[in-house]
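S.K.: Each chain, letter by letter, is given below.
2 protein chains.
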Amino acid sequence: MGKLVETLGKIAPVDQALMEDAQARLDNLTKPKDSLGRLEEFARKMVAITGNTKPYIDKKLIFTFAGDHGVAAEGVSAFPKEVTMQMVYNFLRGGAGINVLSRHAGAEVVVVDIGVDFEFEDAPGLVKRKVIRGTKNIRKGPAMTREEAVRCIEAGIVLAEEYGTKGSVFGTGEMGIANTTPSSAMIAAFSGLPVEEVTGRGTGIDERGFKNKVQVIEDALRVNNPDPSDPLDVLSKVGGAEIAGIAGLVIGAASMRIPVVIDGFISTAGALVAYELQPKVRDYIFASHNSVEKGHRVMLDRMGLRPFVDLDLRLGEGTGAAIAITLIEAAVKIYNEMATFGDAGVSGQNA
Amino acid sequence: MGKLVETLGKIAPVDQALMEDAQARLDNLTKPKDSLGRLEEFARKMVAITGNTKPYIDKKLIFTFAGDHGVAAEGVSAFPKEVTMQMVYNFLRGGAGINVLSRHAGAEVVVVDIGVDFEFEDAPGLVKRKVIRGTKNIRKGPAMTREEAVRCIEAGIVLAEEYGTKGSVFGTGEMGIANTTPSSAMIAAFSGLPVEEVTGRGTGIDERGFKNKVQVIEDALRVNNPDPSDPLDVLSKVGGAEIAGIAGLVIGAASMRIPVVIDGFISTAGALVAYELQPKVRDYIFASHNSVEKGHRVMLDRMGLRPFVDLDLRLGEGTGAAIAITLIEAAVKIYNEMATFGDAGVSGQNA
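In the order they appear, the protein sequences are chains A and B. Numbers given in the numbering used here equal positions in the first sequence, counted from 1, plus 18. Numbers given in the numbering used here equal positions in the second sequence, counted from 1, plus 18.
In case anyone wonders, no lab produced these hints; they're calculated from the structure. Any given hint could turn out to be false.
Since the list gives no way to pick out one identical chain from another, each pair is judged satisfied if it fits inside one copy or across any two copies.
Derived DMTMM-like pairs (lysine to aspartate or glutamate); straight-line CA-CA distance at most 20 Å [stated by the list, open to error]: (1) K148 / D237; (2) K28 / E137; (3) K51 / E100; (4) K312 / D52.
In this text, all values refer to a predicted model and were calculated from it rather than measured experimentally.
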């Protein structure tokens with residue numbers, strides 16, 4: 019708990035003046051004002067986050083946290099639980115969606131076992147930080163203890179500290195069969211919205227499966243009665259290990275002034291925990307894609323974040339974050355490499 | 019005219035069966051069905067366009083067509099007319115937005131003078147295909163003759179033939195001060211919608227400038243009375259050289275089964291001419307970004323195309339196309355590189 023409290027205390031708001039300086043430079047580049055839209059927003063945000071008026075990206079890391087969920091036993095997913103473990107091996111062999119998209123983005127995938135219900139041998143590329151062997155079934159009681167939740171968050175913070183250096187950009191991702199269920203439970207708890215409004219089809223359940231999923235989440239909230247004003251209570255009672263790890267990574271990144279690009283529904287639930295603990299983390303977060311999952315938008319609105327990849331993705335793993343990183347990198351290049359009106363001898367806009 | 023007619027005749031619809039084969043492969047990759055959303059759509063479209071069940075991209079070319087517009091004299095742009103020529107030099111020196119984003123995408127920029135009102139010396143990277151020295155002022159009469167419009171289109175076709183080989187993907191772009199004005203005039207002509215509904219702020223004019231722009235376009239339509247059932251009539255009377263060049267590039271690409279990614283508002287006007295001449299071109303086009311310009315969506319809907327980059331861009335040059343190409347390339351890599359359930363030993367979806 020000491021590590022978490024200490025790290026939350028280190029997070030400072032970004033410098034708005036730097037953002038204005040960055041925009042002044044952008045306005046002097048050979049293009050109509052604001053004509054590169056959100057790419058300009060990303061560039062000035064990168065300046066403000068890093069405190070560097072010449073921002074650069076030289077190390078792109080996607081952290082894919084894996085964890086199991088006792089609630090998988092309730093038939094809330096279209097896939098059997100062992101797929102979490104099987105997919106970890108797929109990540110390590112480079113055959114999953116996140117591997118392909120990370121290679122495309124020039125990013126490294128850091129695969130973290132934080133809560134899989136399986137004992138992995140040591141393997142190249144696998145970072146073993148297991149706190150629990152899967153959560154307990156939230157329909158019947160808390161997912162984990164408060165102390166376990168804190169240890170998961172702190173594991174994420176430590177990863178940020180171990181891997182992050184100047185010039186880094188982080189992406190978050192996850193793998194955990196059934197993990198849209200705790201994510202929806204968490205949003206319902208934080209927002210007070212009806213479960214049905216924040217619950218989607220996950221990997222692809224049918225109408226009957228959906229009704230069951232809503233019922234399971236309603237039961238979980240009734241049984242556990244999480245306190246929405248206490249983020250650690252919500253996380254430990256109806257969350258998950260990988261969600262907690264993502265919360266920690268976001269907190270760690272913000273404390274080190276490293277930009278962190280969050281993926282879709284589950285990653286955003288992790289980021290939301292970080293935000294509820296310390297709203298200043300928001301300045302360091304880039305939302306990436308607009309998930310098909312209902313409830314995703316509710317969380318982003320709560321944090322005041324606007325996604326920018328609209329490709330109907332719902333895979334998770336960090337795939338949306340990997341794509342988003344390529345666009346943020348494009349923005350940084352625009353900022354650094356475009357000619358100014360003066361340099362290029364181009365006439366400016368009429369007054 | 020012979021070249022145009024002949025090339026239109028070569029365009030075949032894509033093979034729907036190939037698209038189904040591609041989807042079958044996508045469904046066997048280690049992810050929930052359809053969970054990569056539009057990336058899956060792009061991959062199967064690439065298979066269908068190229069006829070290659072192992073599609074690849076090894077040559078990315080952005081064609082940035084430059085042309086001037088007599089209507090610039092009517093004060094419809096925030097920039098003076100000489101900026102077209104100045105920006106061509108900026109392209110050649112690599113300092114413009116399209117240069118930066120093309121480098122990011124691993125694409126080459128082909129700068130084409132098709133209608134600039136300036137005589138360029140030979141310069142490395144400049145492709146000289148001038149048909150006219152700018153259009154005439156459309157408020158007073160036709161932009162160009164029908165024969166000039168055809169020559170511009172054929173110049174685009176020839177470029178497609180010269181540059182395109184198997185494995186190519188094309189992007190379109192343009193530079194031409196005032197060219198949102200003819201583009202809006204063309205959409206109004208084709209759609210019959212009121213000018214105000216298809217006209218935007220271009221590079222950034224104020225309310226008074228906007229009212230003037232609408233008036234200029236209304237005058238141009240009244241004076242020229244283009245026939246919406248005759249795309250060459252619309253193009254020659256209220257269009258532009260670079261818009262015609264883009265139409266030709268799209269037609270040439272479709273005839274060679276090369277995918278072509280169109281940029282924003284003006285590029286889409288060019289693609290629309292191609293579509294009105296031969297609706298089958300649609301199968302070969304990827305819409306890229308959702309422009310801030312009103313009227314863009316009207317054209318995309320008319321062609322049944324859905325954009326996928328939503329970054330509030332309104333720069334043109336091909337910038338949206340360059341970004342879109344990176345996402346299409348990501349889709350091709352997903353298709354080619356991801357492991358199947360069988361390969362990876364991952365359990366499939368419950369029945």
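S.K.: Evaluate each hint against the coordinates.
M.R.: Checked hints:
1. Taking CA atoms no more than 20 Å apart as the test, K148 paired with D237 passes in neither setting, with 28 Å inside one copy and 71 Å between copies.
2. With identical chains, the CA atoms of K28 and E137 are never at most 20 Å apart, being 35 Å at best within one copy and 60 Å at best between copies.
3. Proximity of K51 and E100 under a CA criterion of 20 Å is satisfied inter-copy only: 18 Å between copies versus 52 Å inside one chain copy.
4. In the homo-oligomer, the alpha carbons of K312 and D52 lie at most 20 Å apart only across protomers (17 Å), although the nearest pairing inside one protomer, at 31 Å, exceeds that limit.
In terms of the numbered hints stated before, the structure departs from hints 1 and 2, listed from lowest to highest.
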